[in-house]
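Enquirer: Spelled out, the chains give:
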Amino acid sequence: AQSVSQHNHHVILSEAASLELGCNYSYGGTVNLFWYVQYPGQHLQLLLKYFSGDPLVKGIKGFEAEFIKSKFSFNLRKPSVQWSDTAEYFCAVNARGGNAGNMLTFGGGTRLMVKP
Amino acid sequence: DTEVTQTPKHLVMGMTNKKSLKCEQHMGHRAMYWYKQKAKKPPELMFVYSYEKLSINESVPSRFSPECPNSSLLNLHLHALQPEDSALYLCASSHPGTGGAVEGYTFGSGTRLTVV
Numbered sequence: 439a440q441s442v443s444q445h446n447h448h449v450i451l452s453e454a455a456s457l458e459l460g461c462n463y464s465y466g467g468t469v470n471l472f473w474y475v476q477y478p479g480q481h482l483q484l485l486l487k488y489f490s491g492d493p494l495v496k497g498i499k500g501f502e503a504e505f506i507k508s509k510f511s512f513n514l515r516k517p518s519v520q521w522s523d524t525a526e527y528f529c530a531v532n533a534r535g536g537n538a539g540n541m542l543t544f545g546g547g548t549r550l551m552v553k554p
Numbered sequence: 027d028t029e030v031t032q033t034p035k036h037l038v039m040g041m042t043n044k045k046s047l048k049c050e051q052h053m054g055h056r057a058m059y060w061y062k063q064k065a066k067k068p069p070e071l072m073f074v075y076s077y078e079k080l081s082i083n084e085s086v087p088s089r090f091s092p093e094c095p096n097s098s099l100l101n102l103h104l105h106a107l108q109p110e111d112s113a114l115y116l117c118a119s120s121h122p123g124t125g126g127a128v129e130g131y132t133f134g135s136g137t138r139l140t141v142v
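So the protein sequences, as listed, match chains A and B.
Counting from 439, one number per residue, gives the positions in the first sequence under the numbering used here.
Counting from 27, one number per residue, gives the positions in the second sequence under the numbering used here.
Because the hints were derived from the structure by calculation, they are not lab data.
Any given hint could be a false lead.
Short, incomplete list of chain B residues facing chain A, as computed with Cβ under 10 Å [to be verified]: (1) Y59; (2) V74; (3) I82; (4) E84; (5) V86; (6) P87; (7) R89; (8) L116; (9) G130; (10) Y131.
Reference listing, derived: stretches of chain A covered by chain B, where coverage requires no fewer than 3 residues with Cβ under 8 Å from a Cβ of chain B [claimed, not checked]: (11) 449-455; (12) 479-486.
Glycine included, every Cβ here is placed at the ideal spot set by N, Cα and C.
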């Protein structure tokens, strides 16, 4: 079964600082990777996803993530954060094939607070 | 319509009550999911329906009973719940299998359930 680890549980940044949130997964086969954001009191929204091709993917709101297969990583980055980026960020993995292809496994989440 | 609609948004129920959570989507997605999210934790998969058939049950107690009456609707029937079942219950939908992985999953806003 697949698993996902997010090493930073809480991150506090000032506005305009750069952001990098770590995500590592464990699965022997081919995976699809996602980052979701959950703003306070709101539902999960897809930031970006990777399933094939260019390992550097760009998402909404200036976010990007890089898939490094050799490191089993899919770190999320943003060059300059804003106060409105304050939210919980979840990395998720979907293992391809069979019933597992229907399952999203989430990491523990990283709570980001951006100070104005 | 690109939304997953969940009702009710909030629900308070006693341990002897029977209630149902409802989820609806009109995106033509043939895979639908129930996730449970406790405070400050990631969503945890409960059930997966693929083409209106239950394909995954993640060892969920029988006091939770899912139902998929048609391709647009997903219900979660609740009976004799415990206070520890209080959580945010999220519904999601996607194209099944590989399609879901490619296009991603759409989440509803959730039902915040409190069991007293």
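Enquirer: Hint by hint, say whether it matches the structure.
Expert: Outcome of the hint check:
no.: 1; hint: Y59; in the structure: holds (8 Å)
no.: 2; hint: V74; in the structure: holds (5 Å)
no.: 3; hint: I82; in the structure: holds (6 Å)
no.: 4; hint: E84; in the structure: holds (9 Å)
no.: 5; hint: V86; in the structure: violated (14 Å)
no.: 6; hint: P87; in the structure: violated (19 Å)
no.: 7; hint: R89; in the structure: violated (22 Å)
no.: 8; hint: L116; in the structure: holds (7 Å)
no.: 9; hint: G130; in the structure: holds (5 Å)
no.: 10; hint: Y131; in the structure: holds (6 Å)
no.: 11; hint: 449-455; in the structure: violated (count 0)
no.: 12; hint: 479-486; in the structure: holds (count 5)
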